[in-house]
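Participant: If you want the building blocks of each chain, they are given just below.
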Amino acid sequence: MPTIEIASKPVTVNDEGFMTVYDEWSEEIATVLAAQVEIELTPRHWEVIHFLREDFKKEGESSTSRHTQTVGGFPIKEQFELFPKKPAKKMSYIAGLPKPKGCV
Amino acid sequence: MKNLLVLGAGSAGTMVVNKLRKKLPKDTWGITVIDQDSEHIYQPGLLLMPFGTYKPEQLVKKRQSFIPKGVDFIQATVDKIDPLINKVYLQDGREVGYDYLVIASGTTPRPEQTPGMNDPALWYKSVFDFFTMAGSLALRDALKDFNGGRLVVHISEMPIKCPVAPLEFTFLADAYFTKRGIRDKVEIVYVTPLEGAFTKPVCSKHLGWMLDERKITLEPDFVIEHIDAQTKTMVSMDEREIPFDLLVTIPVNMGADFIARSGMGDELNYVPTDKHNFLSDKYPNIFVLGDASNIPASKAGSVAHFAIDLFSENFVNYVNDRPMEHSFDGHANCFIESGNGKGLLIDFNYTVEPLTGRFPIPVIGPLPLLKESRLNHIGKLAFRWIYWHILLKGRYLPIPALMSMAGKDLVIKSEKEKAHANN
Numbered sequence: 001m002p003t004i005e006i007a008s009k010p011v012t013v014n015d016e017g018f019m020t021v022y023d024e025w026s027e028e029i030a031t032v033l034a035a036q037v038e039i040e041l042t043p044r045h046w047e048v049i050h051f052l053r054e055d056f057k058k059e060g061e062s063s064t065s066r067h068t069q070t071v072g073g074f075p076i077k078e079q080f081e082l083f084p085k086k087p088a089k090k091m092s093y094i095a096g097l098p099k100p101k102g103c104v
Numbered sequence: 001m002k003n004l005l006v007l008g009a010g011s012a013g014t015m016v017v018n019k020l021r022k023k024l025p026k027d028t029w030g031i032t033v034i035d036q037d038s039e040h041i042y043q044p045g046l047l048l049m050p051f052g053t054y055k056p057e058q059l060v061k062k063r064q065s066f067i068p069k070g071v072d073f074i075q076a077t078v079d080k081i082d083p084l085i086n087k088v089y090l091q092d093g094r095e096v097g098y099d100y101l102v103i104a105s106g107t108t109p110r111p112e113q114t115p116g117m118n119d120p121a122l123w124y125k126s127v128f129d130f131f132t133m134a135g136s137l138a139l140r141d142a143l144k145d146f147n148g149g150r151l152v153v154h155i156s157e158m159p160i161k162c163p164v165a166p167l168e169f170t171f172l173a174d175a176y177f178t179k180r181g182i183r184d185k186v187e188i189v190y191v192t193p194l195e196g197a198f199t200k201p202v203c204s205k206h207l208g209w210m211l212d213e214r215k216i217t218l219e220p221d222f223v224i225e226h227i228d229a230q231t232k233t234m235v236s237m238d239e240r241e242i243p244f245d246l247l248v249t250i251p252v253n254m255g256a257d258f259i260a261r262s263g264m265g266d267e268l269n270y271v272p273t274d275k276h277n278f279l280s281d282k283y284p285n286i287f288v289l290g291d292a293s294n295i296p297a298s299k300a301g302s303v304a305h306f307a308i309d310l311f312s313e314n315f316v317n318y319v320n321d322r323p324m325e326h327s328f329d330g331h332a333n334c335f336i337e338s339g340n341g342k343g344l345l346i347d348f349n350y351t352v353e354p355l356t357g358r359f360p361i362p363v364i365g366p367l368p369l370l371k372e373s374r375l376n377h378i379g380k381l382a383f384r385w386i387y388w389h390i391l392l393k394g395r396y397l398p399i400p401a402l403m404s405m406a407g408k409d410l411v412i413k414s415e416k417e418k419a420h421a422n423n
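Residue numbers (the numbering used here), protein chains in the order written: chain H, 1 to 104; chain G, 1 to 423.
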């Protein structure tokens, strides 16, 4: 796994740039990652990100959009407003979690 | 006398009772299996039936004919489970107690979860699912009458039963309309909530061209909000619109309703389960097998088969206070129909993505992985016989339950490593 430097800290990422080590994440890093996908983080964004981080700790898997809606209380429509076009992917990316899974 | 109760006599439930009846002594263990109906459907066939490959009677057999002697079959609908007192309540008022419970009640399509999808003006007229007998048959007739226009193949939300099936349907539709000589009159669009048709790097590298070559338009990142019945248009959460003449959709898939009534499921009625040993996260005498669990493996028969090979040995140890020796790796093995009598084969698990190479099956021989071939198509057709005669009855099939790296190419990884070494 390649290591890159974000906010002057070494960060381990996979080939697609997703962080792979849960504890290397920080809010400072999240702000840089968000800027990479052209998102400026508002308090509401932070609520979502903190939910995703906590949920991953509990479940061991990245939250799906539906889980984020039902358990986190963030409607999928709002997820699209906050993280345009690819909310599931962008939310995981910024929260330092694995990309949601497909199959092939 | 101890009682093992199994909920569901589909692929997983049937394999489990066959395996365990052989392993658990009859004088000390009773086994009961409950299902709401008596029809066992060979589900992979539902994908091919719309194209005329099978007739319905080839895909349905009586559930009871796969239940071995010494196992009681009850036909009834489960009302709910009370896991605190080890009891299952049936809707007809009966109660069934258990010492150990296996939940194998699968997953089903739920068109009503998407507003407008099952609108009577559309449902089974211009909007179809195919993982139900009724849907697959209605779609067969609709395809026959379809003489041109926009065919949209669509996934509502992950996870779905057999995740590659909608892609296979797309390839088969392309071949079907080509054969009928009207492919130039049919526009085919593939719509997915994921970022692409293939999301794993090796697959997308080797198979990405398959859509382009067939002139299939891809609409990724489309999360459906509703269907407008009047204009026959799908509308997404971010207000993109996709009109259709014929929509073949995979509706939201959910686990059984009694899971929700029992307060045992997640937001899609899947039971939280240990992905390595299938023990419920909450109850030490409840296991969950097949599509009913929330494990991050494909919801597919091959996964259930590999899982149950390991589970049945683990279970005997577990009930005798010995440690469960086997740990499941998420092994899945799927034939993918690509049309024109060809197919692909993929083999993967929780951590290893599908790779190229050859898949060794004794007798059948080496099949190419992640590559179109006629052999793989024949493999898929042969599988119906294997399913009815070997798999369901818990007989030995010479494919290891855990994934093997034998025959798989690691070229791609070493190319990457080379690149990194050069940097």
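By construction, these hints were calculated from the structure, which means they are not laboratory data.
No experiment lies behind these values; they were computed from the predicted model shown.
Just so it is clear, CB atoms sit at the ideal spot from N, CA and C, and this is done for glycine as well.
Possibly wrong hints are sitting among the right ones.
A few chain G residues facing chain H, derived, Cβ under 8 Å [said to hold, decoys possible]:
1) F198
2) P243
3) D245
4) I346
5) G357
Cut-off 30 Å, straight-line C-alpha distance, at most; resulting in silico cross-link-like pairs (BS3-like, lysine-lysine) [stated by the list, open to error]:
6) G:K26 to G:K80
7) G:K55 to G:K275
8) G:K393 to H:K77
9) G:K179 to H:K101
10) H:K89 to G:K26
11) G:K161 to G:K393
12) H:K57 to G:K179
13) G:K215 to H:K99
14) G:K80 to G:K125
15) G:K80 to H:K86
16) G:K80 to G:K55
17) G:K80 to G:K393
18) H:K101 to G:K55
The following label-pair restraints were derived from C-beta to C-beta distances [unchecked claim]:
19) G:E267 to H:N14: 51 to 57 Å
20) G:K185 to H:I4: 46 to 52 Å
21) G:G149 to H:E16: 32 to 38 Å
22) G:E267 to H:R44: 53 to 59 Å
23) G:T351 to H:V32: 27 to 33 Å
24) H:E16 to G:H389: 26 to 32 Å
25) G:R395 to H:P84: 25 to 31 Å
26) H:K58 to G:D99: 26 to 32 Å
27) G:T231 to H:R44: 42 to 48 Å
28) H:P84 to G:D321: 52 to 58 Å
29) G:E241 to H:R44: 53 to 59 Å
Participant: Please flag the earlier hints that this structure goes against, numbers listed from lowest up.
Facilitator: 2, 3, 5, 7, 8, 9, 10, 12, 14, 15, 16, 18, 19, 22, 24, 25, 27, 29
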